[in-house]
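Trainee: Mapping the sequence shown onto our numbering, position 19 (from 1) lands on 19, and the numbers just tick up by one.
None of these hints come from the bench; they were simulated from the model. Treat the hints loosely; a few may be bogus.
Estimated spans, in silico, between C-beta atoms of each pair [to be verified]:
| hint | residue 1 | residue 2 | range |
| --- | --- | --- | --- |
| 1 | Glu47 | Gly304 | 38 to 46 Å |
| 2 | Arg308 | Glu110 | 42 to 50 Å |
| 3 | Leu24 | Lys223 | 19 to 27 Å |
List of simulated lysine-lysine pairs, DSS-like, C-alpha gap at most 30 Å [as the list claims (entries may be wrong)]:
| hint | residue 1 | residue 2 |
| --- | --- | --- |
| 4 | Lys299 | Lys223 |
| 5 | Lys2 | Lys207 |
| 6 | Lys274 | Lys83 |
| 7 | Lys95 | Lys223 |
| 8 | Lys2 | Lys83 |
| 9 | Lys2 | Lys157 |
| 10 | Lys2 | Lys95 |
| 11 | Lys208 | Lys223 |
| 12 | Lys223 | Lys292 |
| 13 | Lys95 | Lys157 |
| 14 | Lys102 | Lys274 |
| 15 | Lys108 | Lys207 |
| 16 | Lys51 | Lys299 |
| 17 | Lys95 | Lys83 |
| 18 | Lys2 | Lys208 |
| 19 | Lys299 | Lys274 |
| 20 | Lys207 | Lys299 |
| 21 | Lys223 | Lys108 |
| 22 | Lys299 | Lys52 |
| 23 | Lys51 | Lys2 |
| 24 | Lys52 | Lys102 |
| 25 | Lys95 | Lys108 |
| 26 | Lys95 | Lys52 |
| 27 | Lys157 | Lys292 |
| 28 | Lys223 | Lys157 |
Ideal Cβ positions, reconstructed from N, Cα and C, are used throughout, including at glycine.
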Amino acid sequence: MKASIIIPTINRFELIIETVMYILDQDYEDFEVIVADQNKNWPNEFEYLRKKILDDSRVLWINIPTLGVVGARQQASAISSGKVLIFIDDDVIIKDDGFVAKHMRNYKDENIAAVCGREVVSRSADIHALAQGPEYPIEVDGIPPAVQPLTFPRNSKVRQEVCTFCTCNSSVRRENFMEIGGFDENFQGASYGDDYDFVIRLHDSGKKIIFDPSPELIHLQAKAGGLRLSVQSSRFSEHDKALSGWIFLLRHGQRGWRLYLLWNWVLRRTVFLKWNLVHFWRIPIAVFGLGKAYFSARKAVRAGPRSRFSGRR
Numbered sequence: 001m002k003a004s005i006i007i008p009t010i011n012r013f014e015l016i017i018e019t020v021m022y023i024l025d026q027d028y029e030d031f032e033v034i035v036a037d038q039n040k041n042w043p044n045e046f047e048y049l050r051k052k053i054l055d056d057s058r059v060l061w062i063n064i065p066t067l068g069v070v071g072a073r074q075q076a077s078a079i080s081s082g083k084v085l086i087f088i089d090d091d092v093i094i095k096d097d098g099f100v101a102k103h104m105r106n107y108k109d110e111n112i113a114a115v116c117g118r119e120v121v122s123r124s125a126d127i128h129a130l131a132q133g134p135e136y137p138i139e140v141d142g143i144p145p146a147v148q149p150l151t152f153p154r155n156s157k158v159r160q161e162v163c164t165f166c167t168c169n170s171s172v173r174r175e176n177f178m179e180i181g182g183f184d185e186n187f188q189g190a191s192y193g194d195d196y197d198f199v200i201r202l203h204d205s206g207k208k209i210i211f212d213p214s215p216e217l218i219h220l221q222a223k224a225g226g227l228r229l230s231v232q233s234s235r236f237s238e239h240d241k242a243l244s245g246w247i248f249l250l251r252h253g254q255r256g257w258r259l260y261l262l263w264n265w266v267l268r269r270t271v272f273l274k275w276n277l278v279h280f281w282r283i284p285i286a287v288f289g290l291g292k293a294y295f296s297a298r299k300a301v302r303a304g305p306r307s308r309f310s311g312r313r
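Use the sequences and the hints to build the structure in full.
Mentor: Below is the structure:
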């Protein structure tokens with residue numbers, strides 16, 4: 001069974017090269033790597049390495065002119081040829097050359113539609129960080145599926161069925177991905193919650209999702225590059241920064257969790273973003289964008305998820 005490993009990237013030239021090399025060293029035989037590159041230009045010192053990687057026939061390197069991580073993943077998924085899509089970030093360390101194989105072995109069970117792998121967040125390459133995490137099953141009974149992605153610790157060491165998914169390290173059958181249109185392209189710009197929204201919709205369609213700690217990686221969460229909202233040079237408008245949080249809150253907000261989502265997913269990422277608080281004259285602009293995004297989100301939620309290939313297989 002062929003796997004397609006999909007990696008969006010921007011402004012992380014050295015890290016994306018290293019991430020792709022980790023994948024090319026995998027012992028799984030049948031896979032392709034699709035890099036969705038949103039960089040306009042590459043520095044000379046890294047362009048040489050990038051071209052060297054392109055000599056490997058397993059690598060597809062596509063240029064994405066429009067800035068936005070959801071659109072990048074969607075476009076890469078559209079051209080993929082694997083039966084299973086594996087999503088990872090561009091700033092990860094994968095020490096296990098069986099990483100891809102460990103994702104893929106789950107799909108011997110035809111009832112499994114998606115797998116969330118283990119993610120350990122560490123600012124360094126210290127592999128001892130992989131020792132972190134709970135070693136007991138996480139209680140999810142009684143927790144609504146729409147809340148499980150918010151609460152489940154993805155550094156857990158125990159395999160179990162749970163409604164969670166993270167594009168830093170997760171996989172899904174391409175057929176099931178296409179059936180629900182993949183990620184909702186209403187989530188714009190840097191986007192937060194598009195993967196959670198996806199897995200909730202996948203779960204609601206009756207599909208089984210597994211957390212499997214065996215395909216594990218270290219997520220560096222690199223400060224440089226990426227599509228972080230906190231980057232002062234962010235090209236996203238205040239509207240775009242707030243939109244994803246509003247969509248998730250309005251579509252999936254459960255009683256008892258709405259204030260949590262409002263604060264952590266909307267307000268902290270817009271009006272109370274550190275950049276705005278330091279440059280306080282921006283707060284009225286952020287408030288205006290926040291309100292505008294609310295009405296855009298209401299419209300998007302009423303219309304339903306937007307996808308370039310809804311229903312396609």
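Trainee: Determine for every hint whether it applies to the structure shown.
Mentor: Structure-based check of all given hints:
Distance hint check: the CB atoms of Glu47 and Gly304 are about 42 Å apart, consistent with the given range 38 to 46 Å. One distance hint, 42 to 50 Å for the beta-carbon pair Arg308 and Glu110, is violated here, with the actual separation near 27 Å. For Leu24 and Lys223, the hinted distance range of 19 to 27 Å is satisfied, since their beta carbons lie about 26 Å from each other. Annotation: proposed proximity of Lys299 to Lys223 is violated, straight-line Cα distance about 33 Å (limit 30 Å).
Between Lys2 and Lys207, the direct Cα distance comes to roughly 21 Å. Compliance with the 30 Å bound is thereby established for this hinted pair. With a C-alpha separation of about 42 Å, the suggested pairing of Lys274 with Lys83 is violated against the 30 Å cut-off. Distance check on the hinted pair: Lys95 and Lys223 sit about 21 Å apart at the alpha-carbon level, within 30 Å; holds. With a C-alpha separation of about 6 Å, the suggested pair Lys2 and Lys83 falls inside the 30 Å cut-off, and the hint holds.
With a CA separation close to 26 Å, the supplied pair Lys2 and Lys157 stays within the 30 Å bound. Distance hint between Lys2 and Lys95 is fulfilled; the C-alpha atoms sit about 21 Å from each other, no more than 30 Å. A hinted pair counts as satisfied when its Cα atoms are at most 30 Å apart, and Lys208 with Lys223 does not qualify at roughly 34 Å. Proposed proximity of Lys223 and Lys292 is supported: the alpha carbons are some 29 Å apart, at most 30 Å.
Straight-line distance between C-alpha atoms of Lys95 and Lys157 comes to about 17 Å, which keeps the hinted pair within the 30 Å bound. Restraint check: the Cα-Cα separation between Lys102 and Lys274 comes to about 40 Å, which exceeds 30 Å; the hinted pair is violated. At most 30 Å may separate the alpha-carbon atoms for a hinted pair to count; Lys108 and Lys207 meet this at roughly 15 Å. Only pairs whose Cα atoms come within 30 Å are accepted, and Lys51 paired with Lys299 is rejected, the gap being roughly 43 Å.
Restraint check for Lys95 and Lys83: the C-alpha separation of about 24 Å stays at or below 30 Å, so the hint holds. Taking the CA atoms of Lys2 and Lys208, the gap is about 20 Å. The hint holds against a cut of 30 Å. Between Lys299 and Lys274, the direct Cα distance comes to roughly 29 Å. Compliance with the 30 Å bound is thereby established for this hinted pair. Using a Cα cut-off of 30 Å, the hinted pair Lys207 and Lys299 holds, with the two alpha carbons roughly 27 Å apart.
Simply put, Lys223 and Lys108 have alpha-carbon atoms about 38 Å apart, too far for the 30 Å limit, and the pair is violated. As the CA atoms of Lys299 and Lys52 are separated by approximately 46 Å, the hinted pair breaks the 30 Å bound. The suggested pairing of Lys51 with Lys2 holds, with an alpha-carbon distance near 24 Å, which does not exceed 30 Å. For the given pair, Lys52 sits about 28 Å from Lys102 by alpha-carbon distance, which is consistent with the 30 Å threshold.
As the CA atoms of Lys95 and Lys108 are separated by approximately 24 Å, the hinted pair is consistent with the 30 Å bound. Distance hint between Lys95 and Lys52 is fulfilled; the C-alpha atoms sit about 22 Å from each other, no more than 30 Å. Straight-line distance between C-alpha atoms of Lys157 and Lys292 comes to about 42 Å, which puts the hinted pair past the 30 Å bound. A C-alpha spacing of about 27 Å is found between Lys223 and Lys157, which places the hinted pair at or below 30 Å, so the restraint holds.
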